[in-house]
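Asks: Heads up: the protein sequence lines correspond to chains B and C, in order.
Quick note on the working numbering: the first sequence kicks off at 1 and runs consecutively.
Quick note on the working numbering: the second sequence kicks off at 1 and runs consecutively.
Since the hints were made in silico from the structure, they are not lab data.
Given the structure is predicted, the values throughout are model-derived calculations rather than measurements.
One thing to keep in mind: the hints can contain errors.
To be verified - Quick look at which bits of chain B chain C covers, simulated, 3 or more residues with Cβ under 8 Å:
1. 68–74
2. 142–151
3. 180–186
4. 432–441
Unchecked claim - Over 12 Å on every C-beta distance to chain B, these chain C residues come out as not near it, computed from the model:
5. Ala48
6. Ser97
7. Leu156
All C-beta atoms in this analysis are idealised placements derived from N, C-alpha and C, irrespective of residue type, glycine included.
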Amino acid sequence: MSDATMLLLVCLVPLAGALIATLAPRGASSLARHWAAVVMAATLVLAGALFTGFDGAADPRLFEVKLRWIDALGVNLHFALDGLNLYLVLLTALLFPVVLGSCWRNALGASRLFAVLLLLLEGSLLGTFLAQNLMLFFIFWEAVLIPMFILILVFGGLRSRQGAQAFFLYTLAGSVLLLAAVILLGVECWRQTGRWDFAFDVLQTLQLGWQSELFVFAAIVLACAIKCPLVPFHSWLPLAYGQAPPPATALMAGVMSKMGAFALLKLAIPLCPRAAAAAAPYLVLLAVASILYGAVLALRQEEFKSLVAYSSLSHMGYIVLGVFSFEPNALHGALLQILSHGVAVAGLFVVLGLLEERLGGAYRQLRSLSSMAPRLAVVLMLFILTSVALPLTSGFTSEFLILFGAFQRSLSLWIDGAGGLQLVAVILACSGMVLGAGYMLRFARAILFGTPGQQGPCADLNLREALVVTPLLLLILWVGIFPLGLMEKTGGAVQAVNSRANGAQTAPLASTSTFFVTGGSHGQ
Amino acid sequence: MASDLFYGLVPEQLLLALVVLLMILEMAGWGKRLTRALFCLAAAGGCAVLLWQIGQGYQGWPVPGQIHIDRIALLGRLVILGCALVLGLSLPAGSGSFKSWMLLACSLLGALIIMDSAGFSSLFMGIEMLSLPAFALMVHRLEIHGAAEGAFKYLLLSAVASALILFGLSLAYGATGSLAIADFTAALATGGALSLAAGALVLSGLFLKAAVFPFHGWAPDAYAGAPLEVTAFLASVIKAAVVLALVRILPGAPLPADMVSGVICLALLSIFYGNITAIGQSAFKRLLAYSSIAHAGYMVFALADSTGGRQEALLYYVAVYAVTTVVACACFGQLCRGRSDELEALDGAFARRPGAAVLLGLCVLSLAGIPPLPGFLAKLFIFKSVIASGHLLAAVLAFFGSYLGVVYYLGIVYRLFRPLQPAVEGKQPLGQRWAWGGMIFGCLVLGLFLAVPGVFRWLLGGA
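Chain B with its partners taken away, still in its complex shape (with noise of 0.2 Å):
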């Protein structure tokens, strides 16, 4: 199989098995959960291969598809695997099997509606992180909302109507302008090269003046600060996340947040540079504050779904804040921070969810699990603790990367002239670390250890999963302790992004920082 049919299967497979699956017999509907769990199996051992395939320092389109759709307006099926969206492939095509298996046994599992919008999902969001064509990106970004949006209407909780609803509409309102933002590009390519193209390669080389790429920028980033979240826009997340059912949030907290943290570093800075420049300082506040501010929330919850929703604002923070500071050790440590966090909130709440299924609504009350369900409370405790950054797991490998490279970025600044406040923003950030220690291990003293309360028996681990939850585990431990081999395959892509960001790079990297102070009134 050559790649680029390879490349093309990994997205195609989950959709064209959500078509077959719609088949299945009404009754019989183990059939379309066993067809779903092999699609999904099918699409790990596509993705896997791409991944183990896929060399960052050779020719970074070494997959690449192109199939022509609507030629006449530059709209082509045009997908490839680069650096940037190397782990979230892999990121997906993990944690859709894992959450289909984590609720194999339960009504969810027994759904084929259930089956059906998961593998819809999976491909609209593989469509996302490997279009190279800003419409088709578009066009993908904005399928995922509706089997998203029909998961928390028909599985989700009492309030699922106000969930789905606030989840789909906020989303879309980022949309609304990014669409236009989109338009207008195009528009501009047909302008200055006489037809019509949304090649990302092809945009990128467009001269936009100051207004549009000012106009085309804040689209963007409000798409994603919408989607990420960031903190003024994020009033959906505790909502969305409260009333969708444990695997739906895993999904949504573990991958599709993910969505807003590619677009920036896919979207934004490579296609308006120097807007990208002169918001960087504060787009970091901006990250800054949704660290601390939902660090600082989390602290006061006292339910674990609203707890994991609000560390969850707080860890998206730390990718923005790593996109933003323009450094390689940043950047690495936000693509690092995309997979770490992805499998470790996703991993929270398939066990939440594990929790859920054995004791219904009364998980909230849980004490004492460690002494009850010893394998259970092992994992979670493995969640939690790369949550909270322990060295060895995948959280501190790449929140460290990232306050690493702002730190360096931060110090420039300041030695260079350019105001300390930047200086101070990445300092609070740093407690931010703190903090996250504080609200997750007092979370976890509360439900692993202390005394027996009323609830009845929580049953242990079982081999199905505890299957599940094993990849998971690797992936952290992998991630915390090589993250080298990693980091080489993503190293052109980051390469790539970082020259971008600072300017064409012509002046060695330590007067980026001029250009920095200067870059508002560059293009007037």
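Based on these hints, arrange chain C on the given structure of chain B.
Replies: For chain C alone, coordinates are given in the frame of chain B:
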């Protein structure tokens, strides 16, 4: 010439033959079961002939100066007949008397004549032939309370629209000395008070028929008063014919600047008014009416284009919109047969009839313009040509307007997937059952549009 008169107008001849045949059958009192099949046969035959003619690159002047068969005429008729075919296939098998099928065919004939005309007299005749049978269809089976009111409003405002168009035509005749559409278009492009006034009057008349914002008053009552079949017909074929008449009159040349700003204002008002009012509706047909006002806004928006992408964009939009609407109506008809058209009938529909519910959900999301459904591509084509013509601000406003529309479309999806309340199901009086054939055919057509979005550009380019 004589062969042109026959060969060029085969679809029209087929419809005429159908009308005559139905009359004879009714007098004989025989073959009521065959009516739907005959109608579909005529429509399908017409489509096949049109496809053949497109393949041949056929052109002709069956009636010199009045009827001109060119590429747009072929494509426009194909769109209208195809949509009628989808409608015919999805209508309940035993539904309607001979008369209603006859009226349907007559109205369709008017739509085809609009698409053929190169002169204003035939265009006007087509418009009248389109509207009058529709009025008769609305009052034909007076069982719905308020049908007469809606139909009467439609008749009255249609008459006003005709008067506006006629007045505009007389001004145009005064300005150019001819009744050819091409002369009118040329005069409009060069400007001048007289031709501008003529253009404004003709456009207002057509906007009234298409239910664009300040002229929309008839639509909600007429849609809500008519039976669901007729509502589907009004929202699909009639809307398509009127909008394609706009394409026929203003094929590609940019409008004068004053007119463009007026058109943009009306389009935006239409989009906002339709979408905001639709949010509060609780009945399906009224919701469809308000959403059709909003969609008329999007279609009119394409007239602001000055890059020459108007024909392609509007053909695609109209085709997708009309077929989607018919399929949505058919799904709704399946989900709540024999009941009123309250949206509550959709509650928990997914649990009862998953196929139709999913299809209705998809149609509704496509109408809302959510990617990757065809409705999104249709909007994209229009917005792209508007932005390329330099109206970025207007386009952003229209985006926000369409965002408002998502709210009520999502409300429908919510109802479909809502957990089923027990004990609502009882022995409902079953009405006629809408057929699956139209839905399947409609989905195939929409799938084709999704897979080959450039189909109209390709067909137009081959002229």
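Asks: Confirm or reject each hint.
Replies: We went through each hint and held it up to the structure:
no.	hint	result
1	68–74	holds (count 5)
2	142–151	holds (count 6)
3	180–186	holds (count 4)
4	432–441	violated (count 0)
5	Ala48	27 Å, holds
6	Ser97	38 Å, holds
7	Leu156	38 Å, holds
Checked against the numbered hints listed earlier, the structure breaks hint 4 alone; every other hint is satisfied.
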